[in-house]
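Number of protein chains: 2
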Amino acid sequence: MSEQRVTKFAIPEIIFGQSSIRYLAQCSRRLGAKRALVVTDQGLIDSGWADFVMDILRDDGLDFLLFDKVNSNPRDYQVHEGADLYVREKADVIIALGGGSPMDSAKGIGTIVGNGGRIADYEGANRIMRPLPPMIFIPTNAGSGSDISQFCIITDVERQVKMSIISRSLVPNVSIIDPDLLMTKDDQLVVSSAIDALAHAIESFVSPLASPFTENQALKAIELIAQNLQPAILNRTPQVMEQLSIASTAAGMSFSNAGLGIGHALAHSLGGIFDTLHGLVHPIVLPVVMRYNLPVCREKMCTIGRIIQGSSGECSLDHGEEGIIRLEELFAKLEVPNRMRDIVPDSGKLEQICRMAVHDACMLTNPRKADWEDLLHICQEAW
Amino acid sequence: MSEQRVTKFAIPEIIFGQSSIRYLAQCSRRLGAKRALVVTDQGLIDSGWADFVMDILRDDGLDFLLFDKVNSNPRDYQVHEGADLYVREKADVIIALGGGSPMDSAKGIGTIVGNGGRIADYEGANRIMRPLPPMIFIPTNAGSGSDISQFCIITDVERQVKMSIISRSLVPNVSIIDPDLLMTKDDQLVVSSAIDALAHAIESFVSPLASPFTENQALKAIELIAQNLQPAILNRTPQVMEQLSIASTAAGMSFSNAGLGIGHALAHSLGGIFDTLHGLVHPIVLPVVMRYNLPVCREKMCTIGRIIQGSSGECSLDHGEEGIIRLEELFAKLEVPNRMRDIVPDSGKLEQICRMAVHDACMLTNPRKADWEDLLHICQEAW
Chain A
1 MSEQRVTKFA IPEIIFGQSS IRYLAQCSRR LGAKRALVVT DQGLIDSGWA
51 DFVMDILRDD GLDFLLFDKV NSNPRDYQVH EGADLYVREK ADVIIALGGG
101 SPMDSAKGIG TIVGNGGRIA DYEGANRIMR PLPPMIFIPT NAGSGSDISQ
151 FCIITDVERQ VKMSIISRSL VPNVSIIDPD LLMTKDDQLV VSSAIDALAH
201 AIESFVSPLA SPFTENQALK AIELIAQNLQ PAILNRTPQV MEQLSIASTA
251 AGMSFSNAGL GIGHALAHSL GGIFDTLHGL VHPIVLPVVM RYNLPVCREK
301 MCTIGRIIQG SSGECSLDHG EEGIIRLEEL FAKLEVPNRM RDIVPDSGKL
351 EQICRMAVHD ACMLTNPRKA DWEDLLHICQ EAW
Chain B
1 MSEQRVTKFA IPEIIFGQSS IRYLAQCSRR LGAKRALVVT DQGLIDSGWA
51 DFVMDILRDD GLDFLLFDKV NSNPRDYQVH EGADLYVREK ADVIIALGGG
101 SPMDSAKGIG TIVGNGGRIA DYEGANRIMR PLPPMIFIPT NAGSGSDISQ
151 FCIITDVERQ VKMSIISRSL VPNVSIIDPD LLMTKDDQLV VSSAIDALAH
201 AIESFVSPLA SPFTENQALK AIELIAQNLQ PAILNRTPQV MEQLSIASTA
251 AGMSFSNAGL GIGHALAHSL GGIFDTLHGL VHPIVLPVVM RYNLPVCREK
301 MCTIGRIIQG SSGECSLDHG EEGIIRLEEL FAKLEVPNRM RDIVPDSGKL
351 EQICRMAVHD ACMLTNPRKA DWEDLLHICQ EAW
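Residue numbers (my numbering), protein chains in the order written: chain A, 1 to 383; chain B, 1 to 383.
Hints in this document: simulated from the structure, not taken from any laboratory.
The list treats identical chains as interchangeable, and a pair is accepted whether it falls inside one copy or across any two copies.
Simulated pairs of lysine-lysine, DSSO-like, Cα-Cα distance not exceeding 27 Å:
| id | residue 1 | residue 2 |
| --- | --- | --- |
| 1 | Lys369 | Lys349 |
| 2 | Lys34 | Lys8 |
| 3 | Lys90 | Lys34 |
| 4 | Lys185 | Lys8 |
| 5 | Lys8 | Lys369 |
| 6 | Lys69 | Lys185 |
| 7 | Lys69 | Lys34 |
| 8 | Lys69 | Lys90 |
So that you can see chain A by itself, here it is in the shape it has in the complex (with noise of 0.2 Å):
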């Protein structure tokens, strides 16, 4: 670390493991919860979860409201209406069930009920100052890691912006984080999410804000995504879920106080504009971005690639670009678009997508700078 540099470093109360799901109803009161907002999407409705949910709470006697009013790129519109709900109900808890969308929204929701507003007015890092009310998050995905972090992404849908609200304030008090809610899931589910925490191990451990607390997580995040992406496909297990959701997690607590990167700013312009899975992004970026970024971060390259190739013993400088090799003959396996024309309806829109990406607050982490050529040329590369 160099000299006079501070680092901040704050995650989550984590419950973790096999029907740790059950401490939900002790948590909402250990918080003063008398009527909770559940905040899910219409997968979870379908699937039995949120039912599952709701009766752990109706069996403590714990009163709750539900609002499921949540797709994936989750909309401004959507956070005030589930506010309203909040506000009007007298609700005194949020709790979050589902992936990404869902726990961003809920985090939307509680900035609003705690601040007032819009949520466009907190766009930015560091620009919530009143405290949320109380918010446990259950993910049923190993990837968002927005049970860990201080950052909600929220579509601006005027704009077609995917707005990153980065605070303190959004971390969750209690992540429950139950690795039995991912063994219905389907596969390439289970593949986009685990290749966006590799996404947010990779980019969060280059980053110029990495400190040895958040690196250390970043590696374990590696290693166990290495090891266990095939096994989750080729024989799921409860174990193997278990060790993705370790890694999604470890990752998460490495991106949220050492930010992101390029990836990650292409991920949300696609999102705004196109309306594009997060997930799918990265199996198709993240080589290309890690190439892009290999000149000015050879030695922990060096390292990602020792860790992804399984290798123990010393680094030599040709372990990165092999690393790089081995994640796209990886990618490559697995069912999931390797392609950006395979996801991008227009090849023309990639200008606007780039021009639009080069502001997003991940670009100031990367740590390699970047115009929106160079972004351009990136997604060229990808195509």
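For this one, chain A is given, so just place chain B on it according to the hints.
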């Protein structure tokens, strides 16, 4: 991790790095402070650091009171005196500046302020039911880990017992860890603090409550202490002290969530009966306790041994015993007592010490069961 096991992981918000102490007033205000109780001890007043902290508050126009009636192995009556002052003078935040003693005193004061009664009412695990006032800790040694942990150790004067009080509520809101505060400490304090942190890391790594989140931190701490302990004496630089601070913080994250073992149970008994300085116990008992535990955790001891020896590559079973020998050699070179007879005035009291230690909360997380006669055998081996 075994099936159905639920792990909890909670740490404070951490602000880390040289000169990070300058964030103190800002952090206090964020927690709503108007009048702070500053808990410290005579040593920190003599060294000028207490004035330094009070100047920061004064410059920011923040009102404060000083409570410095704290000594090593802090006493129950000191906690009550501090709590009376807090209530009488209507303080609204507690700032602790010091090693384990001022920090544990601050936790005790916060417990009484928030929950009433006597501090002995809270001995044991999870007996604190109501929240404590906001707490900001500034550690001045790299060892106790009290700035991170759920532990508070207070001496019950009448019973001559060091009580272990363990609760999620004892984790401070913010820890400001500034390695500059360590530069002026004498060698013996630096060494005994670092070995205390090493004992935290090793005892918690082999604890049955260890999780991937704590193991990762424990191994980082062991690595950094093995690399930086001798340099801290031979050629102390801000960089070396920063590495020891990172190690102590990581070890704190580990033991706070995974618990400790026999070494700490004995140290608490010795402190209660003979007022023995906590940090002096570990160089003496740690290797003997490791050897006692070795048969039930050979694989983990190999990992520890490999890291202490700085060897990369695969673990071999010999690494476990070799690591213990390497530690003994290292401790022998340092300016600290390394036999129990050097710090315990009377071998006739060993039985009493062991009969008391066996009831310490730390015994619950030692990997190998032990009765008082096993502990006596350990003490005799260390004599």
